[in-house]
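Asker: Spelled out, the chains give:
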Amino acid sequence: GENVEQHPSTLSVQEGDSAVIKCTYSDSASNYFPWYKQELGKRPQLIIDIRSNVGEKKDQRIAVTLNKTAKHFSLHITETQPEDSAVYFCAARFAGSYQLTFGKGTKLSVIP
Amino acid sequence: GAGVSQSPSNKVTEKGKDVELRCDPISGHTALYWYRQRLGQGLEFLIYFQGNSAPDKSGLPSDRFSAERTGESVSTLTIQRTQQEDSAVYLCASSLGGGADTQYFGPGTRLTVL
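Protein sequences, first through last, are from chains X and R.
Each residue of the first sequence is one higher than the one before, counting from 507 in our numbering.
Each residue of the second sequence is one higher than the one before, counting from 402 in our numbering.
Chain X extracted, bound-state conformation:
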């Protein structure tokens, strides 16, 4: 079935450095790719998303890139801050479905 793989599972960076999280997906017809941030005990919050007709999208310190040929998309966080520490989930919406298929998450720790 449809699948989303996310790497790495944990990531530690120094404050001010960049963090990159990568996801690959199985269905080449997938059309929507959101990223959610989940702090401990809290609900997942959408931080950025990208559609299949766009290659890159930026929002301040956060950017997402999509490579449809390789079927992967990545989250880039620049100038990381301690409050960026959380679990980040990528997801994909596969063709013909409405639900999201999630990766297993990346625990990001930003060390002051």
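In short, the hints are calculated from the structure, not lab data.
Keep in mind that this is a model prediction, so the values were computed, not measured.
A portion of the hints provided could be inaccurate.
[What the hints assert, rightly or not] Simulated crosslink set (DSSO-like; lysine-lysine; CA at most 30 Å straight-line):
{"#": "1", "chain 1": "R", "residue 1": "Lys458", "chain 2": "X", "residue 2": "Lys548"}
{"#": "2", "chain 1": "X", "residue 1": "Lys548", "chain 2": "X", "residue 2": "Lys563"}
{"#": "3", "chain 1": "X", "residue 1": "Lys543", "chain 2": "R", "residue 2": "Lys418"}
{"#": "4", "chain 1": "X", "residue 1": "Lys543", "chain 2": "R", "residue 2": "Lys458"}
{"#": "5", "chain 1": "X", "residue 1": "Lys610", "chain 2": "R", "residue 2": "Lys458"}
{"#": "6", "chain 1": "R", "residue 1": "Lys412", "chain 2": "X", "residue 2": "Lys610"}
{"#": "7", "chain 1": "X", "residue 1": "Lys564", "chain 2": "X", "residue 2": "Lys574"}
{"#": "8", "chain 1": "X", "residue 1": "Lys543", "chain 2": "X", "residue 2": "Lys528"}
{"#": "9", "chain 1": "R", "residue 1": "Lys418", "chain 2": "X", "residue 2": "Lys548"}
{"#": "10", "chain 1": "X", "residue 1": "Lys563", "chain 2": "R", "residue 2": "Lys412"}
{"#": "11", "chain 1": "R", "residue 1": "Lys458", "chain 2": "X", "residue 2": "Lys574"}
{"#": "12", "chain 1": "X", "residue 1": "Lys613", "chain 2": "X", "residue 2": "Lys548"}
{"#": "13", "chain 1": "X", "residue 1": "Lys564", "chain 2": "X", "residue 2": "Lys577"}
{"#": "14", "chain 1": "X", "residue 1": "Lys543", "chain 2": "R", "residue 2": "Lys412"}
[Claimed, not checked] If you want a taste of the chain X side facing chain R, the calculated C-beta under 7 Å gives, among others:
{"#": "15", "residue": "Arg549"}
{"#": "16", "residue": "Lys563"}
{"#": "17", "residue": "Ser591"}
{"#": "18", "residue": "Phe595"}
{"#": "19", "residue": "Tyr604"}
{"#": "20", "residue": "Phe608"}
{"#": "21", "residue": "Gly609"}
Note that the Cβ used here is the ideal one computed from N, Cα and C, for glycine as well.
Model the placement of chain R on the given structure of chain X, informed by the hints.
Answerer: Okay, now just chain R, sitting in the frame of chain X:
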């Protein structure tokens, strides 16, 4: 406006008991989704509602799981004869329509089956 709300926030039950989890979507959102999140894991899709019909129930793990929705409002997820492996956080999300992209999540119900 108000976001997605869920109740109860925590539920502890004994193995074999039935439980009901409630979700109140954002007003005006016609699409509603249930997901399950096991400890340290990603979110697993359970069921999707468009209005009060469920065109996709493919994620329900067994016939002990069922869900219903009243109109374009409240949804309840029922788990009968709970098992320890049902312990997880159950998250509800809603979106403006079935084709709308952004899903907004509720805070979840943490279910513990003893």
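Asker: None of the hints should be skipped; say for each whether it holds.
Answerer: These are the hints, each one checked on the structure:
A distance of roughly 26 Å separates the Cα atoms of Lys458/R and Lys548/X; the hinted pair therefore holds under the 30 Å criterion. Restraint check for Lys548/X and Lys563/X: the C-alpha separation of about 26 Å stays at or below 30 Å, so the hint holds. Restraint check: the Cα-Cα separation between Lys543/X and Lys418/R comes to about 33 Å, which exceeds 30 Å; the hinted pair is violated. For a cut-off of 30 Å, the pair hint linking Lys543/X to Lys458/R stands: about 26 Å separates their Cα positions.
Between Lys610/X and Lys458/R the alpha-carbon distance is near 22 Å, which keeps this suggested pair within the 30 Å criterion. Taking the CA atoms of Lys412/R and Lys610/X, the gap is about 24 Å. The hint holds against a cut of 30 Å. Straight-line distance between C-alpha atoms of Lys564/X and Lys574/X comes to about 18 Å, which keeps the hinted pair within the 30 Å bound. Pair hint Lys543/X plus Lys528/X holds up; C-alpha atoms about 14 Å apart against a cutoff of 30 Å.
For a cut-off of 30 Å, the pair hint linking Lys418/R to Lys548/X stands: about 27 Å separates their Cα positions. Note on Lys563/X and Lys412/R: the hinted pairing is violated, with a Cα-Cα distance of about 40 Å set against a maximum of 30 Å. Proximity of Lys458/R to Lys574/X is assessed by CA-CA distance (about 29 Å); at most 30 Å being required, the pair is judged to hold. The suggested pairing of Lys613/X with Lys548/X holds, with an alpha-carbon distance near 14 Å, which does not exceed 30 Å.
Pair hint Lys564/X plus Lys577/X holds up; C-alpha atoms about 19 Å apart against a cutoff of 30 Å. At roughly 24 Å between alpha-carbon atoms, Lys543/X and Lys412/R fall within 30 Å of each other, so this suggested pair holds. The criterion of a C-beta within 7 Å of any C-beta in chain R is met by Arg549/X, whose closest approach is roughly 4 Å, and the hint holds. Because the beta carbon of Lys563/X sits about 13 Å from the nearest beta carbon in chain R, more than 7 Å, this interface hint is broken.
Against a cut-off of 7 Å between C-beta atoms, the interface hint on Ser591/X is violated, since the closest Cβ of chain R lies about 16 Å away. Of the supplied interface hints, the one on Phe595/X holds, with its beta-carbon coming within about 6 Å of a beta-carbon of chain R, less than 7 Å. Hint status for Tyr604/X relative to chain R: holds, with the closest Cβ pair at about 5 Å, below 7 Å. Satisfaction of the interface hint for Phe608/X is found here, the shortest Cβ-Cβ separation to chain R being roughly 4 Å, below the 7 Å cut-off.
At its closest, the beta carbon of Gly609/X sits 6 Å from a beta carbon of chain R; the interface hint therefore holds under the 7 Å criterion.
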